[in-house]
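Listed here are the chains, written in short residue letters.
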Amino acid sequence: MEVPETEEFMQTIVAYVENKPGVLNRVASLTRRLAINIDSLTVGPTENEEIARMTICAHTDERGAHRLEASLEKLVDVLLAENITDRPMLERDLALIKVAANQQNRPHLMELIKVFRGRVVDVAPESLIVEVSGTVDKIDGLLEVLRPFGVLEMARTGRIAMTRGNDLLRPPAEASAKSADTAPASS
Amino acid sequence: MKLTGAEILCETLTRLGVRHVFGYPGGAILPVYDALGKSKLHHILVRHEQGATHMADGYARATGGVGVAMATSGPGATNMVTGIATAMLDSSPVVCITGQVSSKLLGSDAFQEVDITGITMPITKHNVVISRVEDIARVVREAFVIASSGRPGPVLVDITKDAQQAATEFDWDASEPKLPRKRIRNNHDQQEFDRAVELLNTAKRPVILAGRGIMLSGAIETFEKFVRASNIPVAMTLLGIGCFPATDPMNLGMMGMHGEAWVNTAIQEADLLIAVGMRFDDRVTGDLRSYARNARKIHVEVDRSEINKNVPVDAAIIGDAGETLAHLLPHIHTRDHSAWLAHIKELKGDSAVRDIQSLPDSGHLYAAHVINDLWKVTRGGAIVVTDVGQHQMWEAQYYHHNKPRTLVTSGGLGTMGFALPAAIGAKFACPHDEVWAVVGDGGFQMTMCELATIVQEKINIKIAIINNGYLGMVRQWQEFFYDKRYVATPLVAPDFAALANAFGIRGERITARKEVVPAIEAARSADQPVLLDFRVEQEDSVYPMVPAGKSLHEMIRRPNNPLVETASEP
Numbered sequence: 001m002e003v004p005e006t007e008e009f010m011q012t013i014v015a016y017v018e019n020k021p022g023v024l025n026r027v028a029s030l031t032r033r034l035a036i037n038i039d040s041l042t043v044g045p046t047e048n049e050e051i052a053r054m055t056i057c058a059h060t061d062e063r064g065a066h067r068l069e070a071s072l073e074k075l076v077d078v079l080l081a082e083n084i085t086d087r088p089m090l091e092r093d094l095a096l097i098k099v100a101a102n103q104q105n106r107p108h109l110m111e112l113i114k115v116f117r118g119r120v121v122d123v124a125p126e127s128l129i130v131e132v133s134g135t136v137d138k139i140d141g142l143l144e145v146l147r148p149f150g151v152l153e154m155a156r157t158g159r160i161a162m163t164r165g166n167d168l169l170r171p172p173a174e175a176s177a178k179s180a181d182t183a184p185a186s187s
Numbered sequence: 001m002k003l004t005g006a007e008i009l010c011e012t013l014t015r016l017g018v019r020h021v022f023g024y025p026g027g028a029i030l031p032v033y034d035a036l037g038k039s040k041l042h043h044i045l046v047r048h049e050q051g052a053t054h055m056a057d058g059y060a061r062a063t064g065g066v067g068v069a070m071a072t073s074g075p076g077a078t079n080m081v082t083g084i085a086t087a088m089l090d091s092s093p094v095v096c097i098t099g100q101v102s103s104k105l106l107g108s109d110a111f112q113e114v115d116i117t118g119i120t121m122p123i124t125k126h127n128v129v130i131s132r133v134e135d136i137a138r139v140v141r142e143a144f145v146i147a148s149s150g151r152p153g154p155v156l157v158d159i160t161k162d163a164q165q166a167a168t169e170f171d172w173d174a175s176e177p178k179l180p181r182k183r184i185r186n187n188h189d190q191q192e193f194d195r196a197v198e199l200l201n202t203a204k205r206p207v208i209l210a211g212r213g214i215m216l217s218g219a220i221e222t223f224e225k226f227v228r229a230s231n232i233p234v235a236m237t238l239l240g241i242g243c244f245p246a247t248d249p250m251n252l253g254m255m256g257m258h259g260e261a262w263v264n265t266a267i268q269e270a271d272l273l274i275a276v277g278m279r280f281d282d283r284v285t286g287d288l289r290s291y292a293r294n295a296r297k298i299h300v301e302v303d304r305s306e307i308n309k310n311v312p313v314d315a316a317i318i319g320d321a322g323e324t325l326a327h328l329l330p331h332i333h334t335r336d337h338s339a340w341l342a343h344i345k346e347l348k349g350d351s352a353v354r355d356i357q358s359l360p361d362s363g364h365l366y367a368a369h370v371i372n373d374l375w376k377v378t379r380g381g382a383i384v385v386t387d388v389g390q391h392q393m394w395e396a397q398y399y400h401h402n403k404p405r406t407l408v409t410s411g412g413l414g415t416m417g418f419a420l421p422a423a424i425g426a427k428f429a430c431p432h433d434e435v436w437a438v439v440g441d442g443g444f445q446m447t448m449c450e451l452a453t454i455v456q457e458k459i460n461i462k463i464a465i466i467n468n469g470y471l472g473m474v475r476q477w478q479e480f481f482y483d484k485r486y487v488a489t490p491l492v493a494p495d496f497a498a499l500a501n502a503f504g505i506r507g508e509r510i511t512a513r514k515e516v517v518p519a520i521e522a523a524r525s526a527d528q529p530v531l532l533d534f535r536v537e538q539e540d541s542v543y544p545m546v547p548a549g550k551s552l553h554e555m556i557r558r559p560n561n562p563l564v565e566t567a568s569e570p
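Residue numbers (my numbering), protein chains in the order written: chain A, 1 to 187; chain B, 1 to 570.
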């Protein structure tokens with residue numbers, strides 16, 4: 001098991017957790033203890049109301065990611081934690097961006113937003129709100145373009161991620177022993 | 001039958017096999033104390049809640065079972081924090097039960113309200129607040145499962161006063177633990193396993209690093225078989241002491257910062273390390289960059305997060321120590337390591353002449369002599385509970401433990417004040433064993449209030465204070481690394497023998513070597529607790545020593561004649 005000390009890069013860990021008070025606190029407390037800075041953390045319900053799904057993105061090296069993943073799974077309320085950084089997967093971020101706009105530049109602004117497949121969801125005399133989803137890079141790209149117009153306010157959800165195709169990552173409450181077998185043994 | 005939450009708690013503890021609860025009452029836990037009085041549980045009234053957690057911890061360490069500590073809300077709960085962290089760092093199964101203000105007052109800064117689950121989150125394996133009487137039985141049963149399974153650890157259960165007072169139908173069968181359905185990892189990796197076997201069967205200079213995990217897994221016999229089959233010498237961590245007989249020729253002794261020179265040298269020269277149930281703590285490895293550079297490493301460990309944490313390994317086998325060793329056994333070829341073993345023996349010969357035990361009696365009283373005499377007189381058969389500091393290291397060096405769970409000591413957290421309460425806990429766990437608390441004059445003063453607990457409970461433990469008038473280990477660091485500037489380490493202490501008398505305990509002061517054995521013998525034959533105050537050399541140091549952050553082979557060795565070097569008169 002060679003885990004050489006490597007450079008830090010963005011790691012994506014998916015976790016299924018018990019949907020009850022304090023679990024987020026435990027996860028946050030753990031990352032603080034490991035001195036790992038969370039870049040984004042999203043929590044949402046799953047099809048099973050007792051289980052929530054987290055996507056945790058953190059900038060760390062492979063060793064840090066292994067520790068985070070293994071330590072997360074040690075928490076009683078964490079059912080499963082898996083680092084999917086190296087697996088084929090989709091990542092999505094959603095942003096609402098309020099941009100300064102006036103009659104003169106609005107058409108130009110709309111054109112740019114279209115290129116990024118953003119949607120204008122609110123128009124006011126002095127501003128408009130863009131909704132855009134996609135990879136972090138895409139949203140950052142749009143932001144770059146909007147900045148000269150004046151970004152007044154922004155809200156982003158943080159990333160959610162999912163492995164592609166047959167690579168299923170399901171909560172163990174429903175998963176059978178089969179999915180445990182296919183999990184990478186000791187990565 | 002309808003029972004109150006408090007009664008349900010006592011009934012649940014009883015059914016779980018608990019006989020002793022170490023605790024201290026208060027407002028928010030009073031309903032439970034009322035029920036305790038009517039139960040078969042034996043409650044031990046401590047003098048400080050830290051003592052309760054250390055007692056539960058000592059109880060757990062001496063038996064392998066779960067120890068139970070109890071306290072009220074607020075300050076009662078916060079006083080437990082040090083004891084909980086101590087249990088956490090050494091993977092000790094302790095369940096702490098705290099009272100909490102009524103659920104309608106939660107978050108209102110009510111009298112003696114504190115968010116103890118928030119406070120103890122990073123130092124417990126798990127913790128939980130119960131505010132519904134219906135949950136008490138199930139959650140307490142879950143707490144016992146969590147505390148004692150896998151890698152054990154402390155669990156805190158905080159119960160609101162209204163949940164203790166409310167009544168509900170008590171149904172044991174309906175309160176089965178319902179733990180979150182976690183993914184069961186299939187940790188068996190054939191490649192890693194095969195690589196480990198190959199390394200084991202080809203190494204020329206292998207050393208086994210044995211940790212507490214062997215004891216926690218109950219793998220003493222399997223481990224011995226593994227050592228015999230592989231014919232590989234064993235080095236132990238401080239907490240691994242007892243997992244393999246100290247007097248066995250294959251046992252090298254303790255490794256690390258105060259490990260003997262031959263042990264650390266063997267590790268540095270090894271071509272293979274097999275770490276079993278240990279976690280490469282910095283006190284064991286010294287500087288990581290230079291740690292065992294020529295050695296491939298195999299790590300047998302139940303906790304996946306420990307793999308590659310400090311030391312990158314060549315083969316990791318994740319699993320229970322006993323099960324894993326049993327799987328490995330049939331694949332091991334017994335190989336001739338006589339050249340390697342002879343080499344280690346040579347290294348040992350060199351160190352042995354420097355050993356304080358090899359020197360003639362000069363009349364001076366050295367801590368090492370006291371502890372070695374204690375070992376001889378008790379024939380190594382006592383449960384020794386140490387505090388933290390120089391005496392702890394001398395105990396590890398000069399009391400030779402042949403049986404598991406006979407050394408109880410705070411390793412990971414290094415908690416001063418641990419010995420006296422933990423010894424009380426160990427005595428309750430093993431009432432027929434001889435229990436000695438070996439403790440420094442500093443640590444003893446932290447929790448000496450528990451002398452009253454000894455008297456009230458009429459328990460027969462023996463206390464050996466290694467009294468050098470200093471916070472000895474800190475003084476030693478000041479001597480070595482701070483140019484002998486002894487800031488805040490000289491320590492005034494009461495006359496401990498007179499203090500013991502004041503509590504109603506027999507006390508004796510020992511100042512000369514010739515008095516040591518008779519005093520220990522007299523204490524042993526007394527049918528009551530005895531405190532022995534050994535006035536030892538004040539400026540003696542523990543050798544060898546690997547300075548923090550240095551390589552394991554860069555040891556400060558024993559002076560050629562420590563009697564001359566260290567025999568400065570007070």
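Hints are computed from structural coordinates only; laboratory data are not their basis.
Do not take every clue at face value.
To give an idea of the chain B side of the interface with chain A (calculated C-beta under 10 Å), a few residues [to be verified]:
1. Gly-118
2. Met-121
3. Pro-122
4. Lys-125
5. Val-129
6. Arg-151
7. Val-155
8. Ala-174
9. Ser-175
10. Glu-176
11. Pro-180
12. Arg-185
13. Glu-306
14. Lys-309
Don't be surprised by glycine CBs; every beta carbon is placed ideally from N, CA and C.
Now the hints, each set against the structure:
1. Gly-118: For Gly-118 (chain B), the interface hint holds, since the closest Cβ of chain A sits about 8 Å away, which is under 10 Å.
2. Met-121: Given a least distance of 5 Å, the restraint on Met-121 (chain B) holds.
3. Pro-122: With a closest approach of 6 Å, the Pro-122 (chain B) hint holds.
4. Lys-125: Hint holds; Lys-125 (chain B) Cβ to chain A Cβ min 7 Å, cut 10 Å.
5. Val-129: holds (8 Å)
6. Arg-151: Hint holds; Arg-151 (chain B) Cβ to chain A Cβ min 8 Å, cut 10 Å.
7. Val-155: holds (9 Å)
8. Ala-174: With a closest approach of 19 Å, the Ala-174 (chain B) hint is violated.
9. Ser-175: violated (18 Å)
10. Glu-176: Nearest chain A Cβ about 16 Å off; hint violated.
11. Pro-180: Holds, about 5 Å.
12. Arg-185: It holds, given that the least Cβ distance between Arg-185 (chain B) and chain A is near 6 Å, below 10 Å.
13. Glu-306: holds (8 Å)
14. Lys-309: Since chain A brings a Cβ to about 6 Å from Lys-309 (chain B), closer than 10 Å, the hint holds.
Hint violations for this structure: numbers 8, 9 and 10, all remaining hints satisfied.
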